[in-house]
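Engineer: Keeping the supplied structure of chain A fixed, place chain B upon it in accordance with the hints.
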Amino acid sequence: MHVVLCVVVLAAAGSAVEPSERLSPPLRTLLAVGPKGAGNRRAAEAWQELARSPAERLPNLLAALDGANPLAANWIRTAIDTVAERQLRRGGKLPAAELEQFVLDRRGAPRARRLAYEWLCRADRSAPRRLLGGMLDDRSREMRRDAVAQLIGDAIQVTELSRPANALPLYRRAFAAARDRDQVELLAGRLRKLGETVDLPRHFGFILGWKLIGPFDNSAERGYGVAYPPERESDPAASYDGKHGKVGWIDYRSKDDYGKVDLNRAIGEEKGVVGYAMTEFYSAERREAEFRVTSFNAVKLWFNSRLVDEHNIYHGGSQMDQYRSRGTLLPGRNTILLKVCQNEQTQSWARVWGFQLRLCDEHGTAVLSTDRPAGPAKTEDR
Amino acid sequence: MKQTAIETILALAALCAFGGGDWRQFRGTDNNSVSGESNLPATFGPGKNVGWKAPLPGRGPASPIVVAGRVLVTCSGEPRQDRLHVLCFDVESGKLRWHRQLWATGHTVHDPFGAVAAPTPASNGKLIFALYSSNDLACFDLEGNLKWFRGLAYDHPTTRNDVGMGSSPLALGDVVIVQLENQGESFAAAINAADGQTRWRIPRDHDGIWSSPTALRGKTPQQDLVLLQGRDRLAAFNPQTGKRVWQYEASCHTIASATTSGDRIYLPANGLHALQYDPAARNARLLWYKQRMRSGNSSPVVHGGRTYTIKSPGILVCGEAATGKVIWQLRLKGPIWATPVLADGRLYVVNHAGLVQVVELGQQGKLVGTSQIDPGILASPAVADGAIYFRSDQNLWKITADKR
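Line by line, the protein sequences are chains A and B.
Quick note, the first sequence lines up with residues 30 to 411 if you use my numbering.
Quick note, the second sequence lines up with residues -8 to 395 if you use my numbering.
It cannot be assumed that every hint is accurate.
Per the computed footprint, the stretches of chain B lying under chain A, defined by three or more beta-carbons under 8 Å from a beta-carbon of chain A, are [to be verified]:
no.	segment
1	13 to 22
2	131 to 141
3	206 to 214
4	343 to 351
Calculated cross-link-like contacts (lysine to any residue; reagent style SDA-like; alpha-carbon spacing at most 20 Å) [to be verified]:
no.	chain 1	residue 1	chain 2	residue 2
5	A	Lys122	B	His90
6	A	Lys65	B	Thr149
7	A	Lys65	B	Asn183
8	A	Lys272	A	Glu262
9	A	Lys122	A	Lys65
Simulated from the structure, these hints should not be mistaken for lab results.
From a predicted model like this one, the values you see are computed outputs, not experimental measurements.
Glycine included, every Cβ here is placed at the ideal spot set by N, Cα and C.
This is chain A alone, in the form it adopts within the complex (with noise of 0.2 Å):
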């Protein structure tokens, strides 16, 4: 309770919202709710209070967002949500000039400025076009997304209006600052049919090169708490005892888009089995990055000899960034340690047995290897 408090207070130091007006007591109450329901029985009588508040404090309101816990958060936002949409339905206004200074000030909580954004752009609906177009590195992962669609947009109208290549220079910044999926994917599309060479792996920082090894026995998901070698050595020169006799290290050079590694075709179709994959990272400075693996497969991941995350889990559904963990970069080498634990089901479904993973920043822009060729890879190379 005591360090969120903190951080509001240092929050606010930077902002025009004066920290009282952020720290009233319903304020404080609806922050100091915490998991299992702590503090419920309180917030929601602290709800009400603050959902009864002027519009002229919206401003407050979001600035609380500032370090509010993932609970805490949505009781703001829903009391923020009912001041706005009943000022608007009284026929009043919202303070449109200081809900823009708010989302204006990157300094803010990314969310806090997104929902301001939104409320704003009930009150004035020229506010996205005038807006947008700083917004392309916004750390809020919606007010990029809404500016990179706007300049997809703007590409479309020029490619419309002029010739096609007049667009290019749009979609390429359109591309670079793109983040979600489905924006990338669409870029990619069109910057291809421009003649433009696309390096998506190079753009989500997916990893191509490996080291696997395998198979061993995962014989009624035992293998999954065995600490097989790999786990213990780092030694790409070594070979072990596996399933069915001596495995050794063998390289691999994904050449898929999206980086996945098909273990079924590199190590070999089986059930009951683990398989390792092991990279070195070289990074030029200490620096924070996320971790996202995405498998089908029970995994383990260790990141310079820490266990860093893993899942228990086999064929339950699987997307893109499907798991999400930190680790510090050390300048120089790295080691990324990748379990991938395939079952014994037997439907067609769950066939399946490999991964892919990428590191990059909390807003998902890639983070590279230093060794990583310069320039786009050729097609062949993937």
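Structural biologist: Okay, now just chain B, sitting in the frame of chain A:
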């Protein structure tokens, strides 16, 4: 005349007290997909029998519910489906009364076929309980005031199903019951309707289950039980304590849910199992089992001594509820995910393409109307206040007979 007016008022008051015009949760207030409404149209289309149509800001297999003159629907939006919506419309005008949004605190990975707004919200008549695949559970009153909020995956971070969680909450007595059965931390829980505190929490098998808790009504509310369907058994629990009362072993359907009718339970499990609950013995015994009455993904409907099940690719099977004898079959256009609703002697069946097929029920099933709404329908319709409500990923539709 005066006496008649008083009687009418009393009758209406009684109706309101018991939520007679409401459709308060998945498959209706009593989870049986049956409505007493009449004069519903068999066909509709542009300019014909469409009361209103309201655009929705997001997607969702969640059914609409109707509570005290309001239609409530949940949606999820944005590329990661992490923006959660609750919308409340006026039944008469279709006007949006309020709209609340939440940020998902749990996982939103899901099969693209579905959406994070998969579970149907539930209501006890005064409060709305909106659950999402992210395991966020929010409680609002009828005016949109937030009463409590639980991030059940925030509390239990490995509780997730990356196909999507689809089990709908059940409002029963003074609790709301959720069944979060998945390959991670798997559990069922009763949450106090009044304040969002956990009444009880019991572990469940580590398996993906999308079927929903179902009420087995007793003679008094104190005797009500909740049925939880696992992959290998159906079990009845005391909703106040979470104590198991009885269980029945069967290879249960993981999506279609059991349906109750009095003391009978119709369980989809590689066919249809008809069980009879004996409150004195505190157990349930098998009356009959019919493999031919297997369900696709929609739940069985039981009414008037008949059972109605839909098997893939869209074959409606009518059987005798007492014996399991098949009476007739009717081939409809599938695939059908949404559980049909029964009202006014008709079954309203909507397929995934948005084709609404209306079947007149009798000695034979007769298709008496087809109408087209939006494609991609997974949600079961709601029936209340002389209307049937469909929701797609784009719109909420009120279908009602045109006033002459």
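Engineer: Holds or violated: Lys65 of chain A and Asn183 of chain B, Cα atoms, limit 20 Å.
Structural biologist: holds, 12 Å
Engineer: Given the hinted pair Lys122 of chain A and His90 of chain B, is their alpha-carbon gap at most 20 Å?
Structural biologist: Holds, at about 18 Å.
Engineer: Closer than 8 Å Cβ to Cβ for three or more residues is the test here. Does the segment 206 to 214 of chain B pass it with chain A?
Structural biologist: Since three or more residues must qualify, the claim that chain A covers the segment 206 to 214 of chain B is violated, with 0 doing so at under 8 Å.
Engineer: Verify the proposed pairing of Lys65 of chain A with Thr149 of chain B, using a straight-line Cα cut of 20 Å.
Structural biologist: Holds, because 15 Å separates the two Cα atoms, which is no more than 20 Å.
Engineer: Verify the proposed pairing of Lys122 of chain A with Lys65 of chain A, using a straight-line Cα cut of 20 Å.
Structural biologist: violated, 38 Å
Engineer: Per the coverage rule (Cβ-Cβ under 8 Å, at least three residues), is the segment 343 to 351 of chain B covered by chain A?
Structural biologist: violated (count 0)
Engineer: With a Cβ-Cβ cutoff of 8 Å, does the segment 131 to 141 of chain B contain at least three residues near chain A?
Structural biologist: holds (count 7)
Engineer: Are there three or more residues in the segment 13 to 22 of chain B whose C-beta lies within less than 8 Å of some C-beta in chain A?
Structural biologist: The restraint on the segment 13 to 22 of chain B is violated, since only 0 of its residues have a Cβ under 8 Å from chain A and three are required.
Engineer: Given the proposed pairing of Lys272 of chain A with Glu262 of chain A, does the C-alpha separation stay at or below 20 Å?
Structural biologist: Distance ~19 Å between Lys272 of chain A and Glu262 of chain A Cα, so the pair holds.
The earlier numbered hints that this structure contradicts are 1, 3, 4, 9.
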